[in-house]
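J.: Protein chains in written order, with our numbering: chain A, 1 to 210; chain B, 1 to 276; chain C, 1 to 133.
Hints are computed from structural coordinates only; laboratory data are not their basis.
Among the hints, erroneous ones may be present.
[Claimed, not checked] Once the Cα atoms are required to be at most 30 Å apart in a straight line, the calculated BS3-like pairs of lysine-lysine come out as:
(1) B/Lys100 / A/Lys171
(2) C/Lys72 / A/Lys82
(3) A/Lys136 / B/Lys100
(4) A/Lys156 / B/Lys100
(5) B/Lys159 / C/Lys10
(6) A/Lys125 / A/Lys136
(7) A/Lys156 / A/Lys171
(8) B/Lys100 / C/Lys10
[As the list claims (entries may be wrong)] According to the in silico footprint, chain C covers these stretches of chain B (three or more CB under 8 Å from chain C):
(9) 75-89
(10) 183-193
Every residue gets a Cβ at the ideal spot worked out from N, C-alpha and C, and that includes glycine.
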Amino acid sequence: MKKSYTILLLTMLMGINSFVVKAETSNEASNKGVSNVNSFNRLLKKESKTNPPPMEDGIHDADNPGTALLQAPATAFETLDKSKHGNHINWVSSLDAAKIAPRWDRSDPTIQPIVFDLNIIREVKGSMPNVIYPHKAHTEWLDCSNCHPDIFIPQKGANQISMASIMLGEKCGVCHGTVAFPVTTSTCSLCHTQSKGNVQLPRSQASNSQ
Amino acid sequence: MRNLVLLVITVFVTNLAIAGYEMQLPIKLDYAEGVLMRSSTAERIRTRGSDEAKAMLEKARNTYKEARIAQQSGKFALANTKADESLRLVNAAVLLVPNKFDEERAAKRRYAELLHQVETYLQWDHEHSVIDADTQNELDKTVIEMEEAAKYASSSDYKKANEFLNMALAIVISARNKSLKERTFVYDLNFETPIDEYNYEETRNEDYQRLVPVAITQRDPPAGIQSLMQRFVDKALIKRHDAEALFKDKSYEQAVSKMQESTTDLLKALKLAGVQ
Amino acid sequence: MNRLSIRNIKLVSLMTVALLIGIFSTSGSAEYGDVVINNYSDAEGMRPVIFPHWFHRIRYRCKTCHADLGFKLKSGGNDITMAKIIDGQYCGGCHNGEIAWAVENCDICHSGIPGTPTQVHGDTSKPAINKKR
Chain A
1 MKKSYTILLL TMLMGINSFV VKAETSNEAS NKGVSNVNSF NRLLKKESKT
51 NPPPMEDGIH DADNPGTALL QAPATAFETL DKSKHGNHIN WVSSLDAAKI
101 APRWDRSDPT IQPIVFDLNI IREVKGSMPN VIYPHKAHTE WLDCSNCHPD
151 IFIPQKGANQ ISMASIMLGE KCGVCHGTVA FPVTTSTCSL CHTQSKGNVQ
201 LPRSQASNSQ
Chain B
1 MRNLVLLVIT VFVTNLAIAG YEMQLPIKLD YAEGVLMRSS TAERIRTRGS
51 DEAKAMLEKA RNTYKEARIA QQSGKFALAN TKADESLRLV NAAVLLVPNK
101 FDEERAAKRR YAELLHQVET YLQWDHEHSV IDADTQNELD KTVIEMEEAA
151 KYASSSDYKK ANEFLNMALA IVISARNKSL KERTFVYDLN FETPIDEYNY
201 EETRNEDYQR LVPVAITQRD PPAGIQSLMQ RFVDKALIKR HDAEALFKDK
251 SYEQAVSKMQ ESTTDLLKAL KLAGVQ
Chain C
1 MNRLSIRNIK LVSLMTVALL IGIFSTSGSA EYGDVVINNY SDAEGMRPVI
51 FPHWFHRIRY RCKTCHADLG FKLKSGGNDI TMAKIIDGQY CGGCHNGEIA
101 WAVENCDICH SGIPGTPTQV HGDTSKPAIN KKR
């Protein structure tokens, strides 16, 4: 009997140890936004595991007192446009709808970005729709020098981009897959937007003779 | 058994008792010491700072010494507060005596970056722009701003030069934006020569080759699938060699289609791993 | 001792629950785009830094850090040290007590699980991190 009691005590201590540290330092903010307590969960769906608060997100150390001071993403994301990928926030539409007002200049809040509105259509092999790259959405956030010329040479035919290179973290993959929406099977249509229909595109003589 | 229980209880209690700042206090104090006594930052404040900045540094140093004394007598909370205060003071001092050397170096780097940008967009091929009087006006203004910037750059005042270059960049991009003939460029896959098409196919093949090991690590397919994938990869490599040989023989069309076949095999291997 | 007594069953189930609560209370993946910076932290005995892109993205556009402050677009590609930060470079460009809070708040940045290597969390191109995706 004594043996089982001590084993029980040990396991409970292990459990409570991590539990208490979290319970002591967790606050309202970290629980808000993850679930709506008043909604009727008829389908008994599991609570969303997206945008977890720092205490529970797997890379922040829950034993660190500073972690409890950090804002939970879900709180900040409440008013923003949602999406199904990455952060689960549509940053571009949130910016357009003025739900966020990030500064272009560190010290001067009035300076506006120099937006360049040019779409580049990249033809794609096979039946996948062509890619339309919008400068406008990107230049709202980025400086020209962030991409040109280190990642993309601003010249037709000078950049060879394949899905493989993107998934390896090159070209578009420098950002898309790390900090901007990731390249997964559910995000194909965010870039591949121009369907080809039945148009037979002209090829060079080499492929014509196949 | 009882000893084990006691040990566990002690660990548990100690865990709760050690507040974060106690564990970090020695590190914070070492950091403060390094910054206040030995760093180039402190040296800069001491030699080139205003009286106000020097006074702040002196106060920061004294506060740090008080923090050490508090630490040694076990008053950890007080030591932590003093350490924070000393860091705050030196921070305030740094704001009064910014690091001109690194700032200039960063400004020089930015100048080169901006200059490259402005030059590129100034010389961008005109077939896509409608150069009317207004646009020409803007482009001329850009050149004027660049020349102003160059004057400051030649006397190494890169910070001031960048102000002009930022203006130049804003003007040239806005001019290009307004004067674009159309809002869309089409980069199609029509190749000038079969050699171009071969090079394109070759790079594409290489990219997919590099993706295979990444897919295996990420998706972790079972051993049977992996060996099947390997067979496809081997087939692909043989076809690639054939394609390269055909290219050397100048049978470009066949080289291109052989290379495409090789890539198709690689795609099959990747599909087995679950990569589309 | 009767192994299958009610008391023993209760004990065992209580044990299991306690254990499970302890082990499985950390779950979920961190916020996408969080960068773990562990250039020197482990060696100095500090927790690695977790830089949250989302928090900064709400307040600043990419250009303010990646063009104006010289941050390279690559995790581990910036040699950030505490000496440089207090001197006003990199993070110190804003975290200087004026634009944002300053360096004495160690814990708020150094909040990662010790030993985590430098990476962008959720990076879909690096193996070993994102098997789920």
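J.: Run every hint past the structure and note whether it holds.
T.: Outcome of the hint check:
Distance hint between B/Lys100 and A/Lys171 is unfulfilled; the C-alpha atoms sit about 35 Å from each other, more than 30 Å. Between the alpha carbons of C/Lys72 and A/Lys82 the distance comes to roughly 28 Å, so the proposed pair stays at or under 30 Å and holds. Restraint check for A/Lys136 and B/Lys100: not satisfied, since their Cα atoms lie roughly 36 Å apart, outside the 30 Å limit. Our distance criterion of 30 Å between C-alpha atoms is broken by A/Lys156 and B/Lys100, whose separation comes to about 41 Å.
The hinted pair formed by B/Lys159 and C/Lys10 fails the criterion: a straight-line CA distance of about 74 Å is larger than 30 Å. Proposed proximity of A/Lys125 and A/Lys136 is supported: the alpha carbons are some 25 Å apart, at most 30 Å. Distance hint between A/Lys156 and A/Lys171 is fulfilled; the C-alpha atoms sit about 15 Å from each other, no more than 30 Å. Of the supplied pair hints, the one linking B/Lys100 and C/Lys10 is violated, its CA atoms being roughly 71 Å apart against a limit of 30 Å.
Restraint check on the segment 75-89 of chain B versus chain C: 4 residues with Cβ-Cβ distances below 8 Å, three needed, restraint holds. By the rule of at least three residues with a Cβ nearer than 8 Å to a Cβ of chain C, the coverage given for the segment 183-193 of chain B is violated, with 0 such residues.
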